[in-house]
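K.L.:
One letter stands for each residue in the lines below.
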Amino acid sequence: MIHEFRPALVLVALLTILTGLVAPLAMTGIASVAFPFQAGGSLIEDHGKIVGSALIGQNFTGPGYFHPRPSATTEPDPKDASKTIPVPYAADNSNASNLAPTAKALIDRVKGDLASAGPAPVPADAVTTSASGLDPDISPENAERQIARVAGARHWPEDRIKALVAVYTAEPFLGFIGEPRVNVLALNRALDRMQGQMQGQVQGR
Amino acid sequence: MTFSGWAEILLVLLLIVLAAWPVGLYIARVTKGERGFLHPLLSPIERGFYALAGVDPQHGMSWQGYATALVLLNALHFLMLYAMLRLQFYLPFNPDALAGMSPRLAFNTAMSFVTNTNWQAYGGETTLSPGSQMWGLTSHMFVSAATGIAAALALSRAFAQGGLKTLGNFWADLTRIVLYLLLPIAVVAGIALVALGVPQTLATHADATTLEGAKQTISLGPVAFMEAIKELGTNGGGYFNANSAHPFEGPNAWATMLEAFLVFLIPIALTFTFGKIVGDRRQGYALLAVIGVFVIAAIAIAYHAEAAGNPLLTALGVDPAQGNMEGKELRFGIPLSALFNVITTATSCGAVNAMLDSYMPLGGMTSMFLIQLGEIVPGGVGSGLYGLLVFALIAVFVAGLMVGRTPEYLGKKIQAREVKLAMLAVLILPLSILGLAALSLVVPSALASLGNAGPHGLSEMLYAFTSATGNNGSAFAGLSADTPWLDTTLGIAMLLGRYAFLIPVMALAGSLAEKVKVPPSSGTFPTHGLLFVGLLCGVIIIMGGLQFMPALSLGPLAEHFAMLAGKTF
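As given, the protein sequences belong to chains B and V, one line each in that order. Going letter by letter, the first sequence gives residues 538 to 742 in our numbering. Going letter by letter, the second sequence gives residues 3 to 571 in our numbering.
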């Protein structure tokens, strides 16, 4: 057994350097040259400021924005670090509810959310939390039900918002790979951009 | 269930089998020392490793020598990771100055990664620095995977010829598997994942100001490369807490399909490698057929259970059309979630793209049952193949008892010693899973860890010990696993599940290798036909599955019927 110590030690060291240091650093270099946007986290900038990532959901509560799915992420309580408080879409602490399908806590939460969700049947994604708590998408049916609220808050005709939702709806590739979905951040940015253009036109006149 | 959902699932399975065939033959070639297309580039590194380590790749090892080398390497690697996790604060590439892990959590994590389990009692992005993730965890993902493949090769060689004294050289097997198999595929897959949106950067986070003016801290890191080997080596330890469900680990349907492909690639390829090494390809096809039966059945059950939605929510006015979406990502939907979580538990991967704790009772039970079968259909890289071969020996033994002949498998007589060793390995599963779970269910401090009440609470605890013993690493994650009791007992379950299984298998390989190879006669039970496939499926269900049925009836089955009666907990 003694004479196997040398290969064991040397190979642990060499394999760690190769697969744990050289390869990941080389990959980081290649990725930053070949795909700088994706490698850096698909960050989106407006006027030189990072407003989020194209892949990560963010929380929206205002009536003039489309709202994402509920999120189960938390952050440490500033008053007591041993506890946590709910902070939806905390992108530095991905988390799920991990509630069982028969959990009373799940049923009660969904009941509460359904109260403000409009007429049944409500699309499932509108009242369920995602696995990461950072799901960037909602279903087209969920978006559809929010159009009237957004239009009302922005004083726009509903058709206009409907057309925008259609533009930002991604359909499955070849009809079967992936799910139909609407990226909430992209749609809300488009709303803000359009609002800015309209105000620009009004002021320009 | 929809037609397009099944089309998505079958497309992935088809691509896996098509790719696994050439990869399997390639593994047989390069681990034999023959030249492959990567040799001009990589053979200088291979020779350099041998020179520095003082290894003669031609030198064959007895089963004791092979097992000793394997355990020694793993033990040293375990100690190194334990030290790295404890000392994280003092090591480089830790820009957020994260503290070291507690002794019990470091023990649990180091055991988890050396045994190819990748159980995560910690939250990735909040606990570990990019440095620890790279040279701590990522290097283990290569070496633990290569360890399993090496052991499977050693057992395969034992069937190849008669009168063998040695099983091959562990150091050469390890080096060749890392250099010619795992590293090249991980690099190519890693680049593909970056292209699909997975980050690969040394930055730890980005600070964003959302459209509504709130601050959002977005965790980042060198994710893509780790993601590639995490799937390819059936490891499963995610960079982030949410694992492959995190949008940075699984940014879209393409990425999660590629990841599912990588998880199955080597375990399926090894059935072809096995056929090549033993000189009868049909033997590999028979094993693949057994795997196919279990995998397709499991996908059908899980997909059906999840697609129907949660009846308790439907009763409240939720549209069941999308299925059970609690704990699932919209971009994957039900078909890719069900596919991924069957693939990840049919192998010992344990990466998840949806949260198993929120699966419907029968959907979650499918995953738990696949692990309890012994992680053999197809199981982890290497560990799945040697596990399946152990069950194959038991199957021919059962067949031999029925007709009163000495059983043979591939021309090797299976006698008392082999059957004893096979049973010694197989019995560790119920002992560790049921024994430790039962013990934990009466320890008050362990019960305090449960995240859900009622029968689902029992499922959480049973799943934890199933996952640890099967070296899977997935979880019903509502369980708070970082406690003194669970860190320690789950660490022990991982240790037993890996080495108390592997060492009898190595002894079995040694015993089989020495035997003469008997040519097939008219009385030989053919082990490549439908009859054998059916027999092996039956033995796996009876030996691997039925002993867990009482426990499953108290957990997921009880929950299922309570749910149908409208009961909540």
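I should point out that these hints are in silico values taken from the structure, not numbers from a laboratory. There could be a bad hint or two in this list.
[Unchecked claim] Below 25 Å or equal to it, Euclidean Cα-Cα: the simulated SDA-like pairs (lysine to any residue) are:
1. B:K620 <-> V:S447
2. B:K641 <-> V:F563
3. V:K422 <-> V:F563
4. V:K217 <-> B:I622
5. B:K616 <-> V:A216
6. B:K620 <-> V:K422
7. V:K569 <-> B:I581
8. V:K422 <-> V:V518
9. V:K217 <-> B:K699
10. V:K217 <-> B:A700
11. B:K648 <-> V:V518
12. V:K217 <-> B:H584
13. B:K699 <-> V:E214
14. B:K620 <-> B:S653
K.L.:
Could you run down the list of hints and mark each one as holding or not?
P.N.:
Against the structure, the hints:
no.: 1; hint: B:K620 <-> V:S447; in the structure: holds, 19 Å
no.: 2; hint: B:K641 <-> V:F563; in the structure: holds, 16 Å
no.: 3; hint: V:K422 <-> V:F563; in the structure: violated, 40 Å
no.: 4; hint: V:K217 <-> B:I622; in the structure: holds, 16 Å
no.: 5; hint: B:K616 <-> V:A216; in the structure: holds, 20 Å
no.: 6; hint: B:K620 <-> V:K422; in the structure: violated, 51 Å
no.: 7; hint: V:K569 <-> B:I581; in the structure: violated, 46 Å
no.: 8; hint: V:K422 <-> V:V518; in the structure: holds, 20 Å
no.: 9; hint: V:K217 <-> B:K699; in the structure: violated, 29 Å
no.: 10; hint: V:K217 <-> B:A700; in the structure: violated, 30 Å
no.: 11; hint: B:K648 <-> V:V518; in the structure: violated, 69 Å
no.: 12; hint: V:K217 <-> B:H584; in the structure: holds, 17 Å
no.: 13; hint: B:K699 <-> V:E214; in the structure: holds, 22 Å
no.: 14; hint: B:K620 <-> B:S653; in the structure: violated, 29 Å
Of the numbered hints given earlier, the model fails hints 3, 6, 7, 9, 10, 11, 14; all others are met.
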